[in-house]
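Keeping their order, the protein sequence lines are chains A and B.
Read in the working numbering, the first sequence has 145 at position 145, and its numbers run on one by one without any break.
Read in the working numbering, the second sequence has 90 at position 90, and its numbers run on one by one without any break.
Just so you know, these hints were derived from the structure itself, not from any lab.
Cβ coordinates follow ideal geometry from the N, Cα and C atoms, glycine included.
Some hints could be false.
Stated by the list, open to error - Capping the alpha-carbon separation at 30 Å, the derived lysine-lysine pairs in DSS-like fashion look like this:
1. 201(A) <-> 77(B)
2. 77(A) <-> 74(B)
3. 74(B) <-> 176(A)
4. 155(B) <-> 176(A)
5. 176(B) <-> 13(A)
6. 155(A) <-> 176(A)
7. 155(B) <-> 209(A)
8. 74(A) <-> 201(B)
9. 176(A) <-> 77(A)
10. 74(A) <-> 176(A)
11. 209(A) <-> 176(A)
12. 155(A) <-> 155(B)
13. 201(A) <-> 209(B)
14. 176(A) <-> 77(B)
15. 155(B) <-> 13(A)
16. 201(A) <-> 77(A)
17. 74(B) <-> 155(A)
18. 176(B) <-> 155(B)
19. 77(B) <-> 176(B)
20. 209(B) <-> 176(B)
21. 201(B) <-> 176(B)
22. 74(B) <-> 13(A)
23. 201(A) <-> 201(B)
24. 176(A) <-> 201(A)
25. 13(B) <-> 155(A)
26. 13(A) <-> 209(B)
27. 209(A) <-> 13(B)
28. 201(B) <-> 77(B)
29. 155(B) <-> 74(B)
30. 74(A) <-> 155(B)
To be verified - Among the chain B residues that face chain A by a calculated CB cut under 7 Å, a handful are:
31. 4
32. 19
33. 63
34. 66
35. 93
36. 97
37. 104
38. 105
39. 141
40. 159
2 protein chains.
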Amino acid sequence: MEITRTSLQQMEKRYCATLINSLPGFKCLQLVGTISENGHSNVGIFNSIFHLGASPALLGMIFRPQSEDHDTLKNIKRTGYYTFNNITESFYQKAHQTSARYTSGCSEFVECGLTEYFITDFEAPFVAESTIKIALSLQEIIPINVNQTTMVIGKIERVLLSEDLIEPDGNVNHQKAGTITVAGLDSYYSTNLIAQLNYAKPNVPTSIKTEF
Amino acid sequence: MEITRTSLQQMEKRYCATLINSLPGFKCLQLVGTISENGHSNVGIFNSIFHLGASPALLGMIFRPQSEDHDTLKNIKRTGYYTFNNITESFYQKAHQTSARYTSGCSEFVECGLTEYFITDFEAPFVAESTIKIALSLQEIIPINVNQTTMVIGKIERVLLSEDLIEPDGNVNHQKAGTITVAGLDSYYSTNLIAQLNYAKPNVPTSIKTEF
């Protein structure tokens, strides 16, 4: 079937939002940990995260319009520090529950049954249950005028993970890490490594580097 | 183990790039179809794609520095139109092969064994093998000064997919669609739907909407 722009505009609003959110496929899913002005820990689930560069190591994320009131963005702006924490099948329901609109001052760690984890010299909380924990410092905030969203760019400061998740070439094995992914807002998927392919060159047949 | 910023800076360059690229987990993987000034079809694999908004329906993508010379970005800027096409396990090696540096004027469709597909009143080519095809129009280009990357924002104009891939609530079932995902630059993963969860509310236990 073909969906035109006109038919998109005529769709029921929530149906359309669900369709558009799920259309492009799998997303990078992270629990984002921050700390509020009065020292309360905050954690929220985000799926609009993307790689921006390796040197310096930068990750981007998108906040919806009206996120100024959102604790996570407020805390990132105030402290300059936040964490990304991967989600595994063993606690994905707790991670999803952090998307509920808890009142400011409530810790989603407590409300959702997740465990906060701190390291020395880094203000923001990690999620203890996560197998890959990334500490970030705020680098830049870019307002996106076309739809009033906000792009937040952070630099990777520190990474906590088990050494055996890193392959000899530096590649992180997310199957071993148990990382899951999401399509749309609420459909969670586990993954299965097909293969790691070699660097592609013109006129050289595609080849498998590591098969699983 | 803990990886510090200092140890990141001291890592061998390619190892570090592989680590940073793979660290945040799964990404939205698309073949991007464009057409060049002289009518040549072009297709390239991208994994830096993200949802930006549902109304209007916007998708973002990141181009690396020096992408001005890149056919895909050049073609998007010139024509204002491009396509996103999902990747399935049956042709992921051909999709990966499009990342080889073919000379300008070569069609990656021909070189990599993919089939171009056109619809009336839309200039850019789709990938026939893809089960979800999205036609986009360029909305905005945002230079990201912190690392000289470029963000390209497109609006969804038309969508081609089989009706049975859309669930009653509008959610696209990517397991049915066979969509795969990638971590890092070269590790391809198939997926397995765990569950679709209900909208989370404070003090209401997380619940499963659809189990698979």
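**Message:** Just to be careful: measuring from the Cβ of residue 97(B) to every Cβ in chain A, is the smallest value less than 7 Å?
**Reply:** 5 Å, holds
**Asked** Taking 30 Å as the top limit, are the C-alpha atoms of residue 209(A) and residue 13(B) close enough?
**Response** This hinted pair holds, its Cα atoms lying about 19 Å apart.
**Asked** Between residue 176(A) and residue 77(A), does the CA-CA distance stay at or below 30 Å?
**Response** 34 Å, violated
**Message:** Hint check: residue 74(B) vs residue 176(A), CA-CA at most 30 Å. Holds or violated?
**Reply:** 39 Å, violated
**30 Å Cα cutoff - pair residue 155(A), residue 176(A)** = Holds, because 25 Å separates the two Cα atoms, which is no more than 30 Å.
**Prompt:** Within 30 Å, alpha carbon to alpha carbon, are residue 201(B) and residue 77(B)?
**Reply:** 43 Å, violated
**Asked** Within a Cα-Cα threshold of 30 Å, do residue 13(A) and residue 209(B) meet the stated pairing?
**Response** Within the cut-off at roughly 19 Å; holds.
**Item:** Hint check, residue 159(B) versus chain A [nearest Cβ-Cβ separation less than 7 Å]
**Value:** 4 Å, holds
**residue 201(A) paired with residue 77(B) [C-alpha distance capped at 30 Å]** = 26 Å, holds
**Prompt:** Is residue 209(B) close enough to residue 176(B), meaning Cα to Cα at most 30 Å?
**Reply:** 18 Å, holds
**Asked** Do the alpha carbons of residue 201(A) and residue 77(A) lie within 30 Å of each other, as the hint requires?
**Response** 43 Å, violated
**Request:** Take a quick look at whether residue 13(B) and residue 155(A) sit within 30 Å of each other, Cα to Cα.
**Result:** 17 Å, holds
Violated hints for the displayed structure, listed by number in ascending order: 2, 3, 4, 7, 9, 10, 13, 14, 16, 19, 22, 23, 28, 33, 34, 37, 38, 39.
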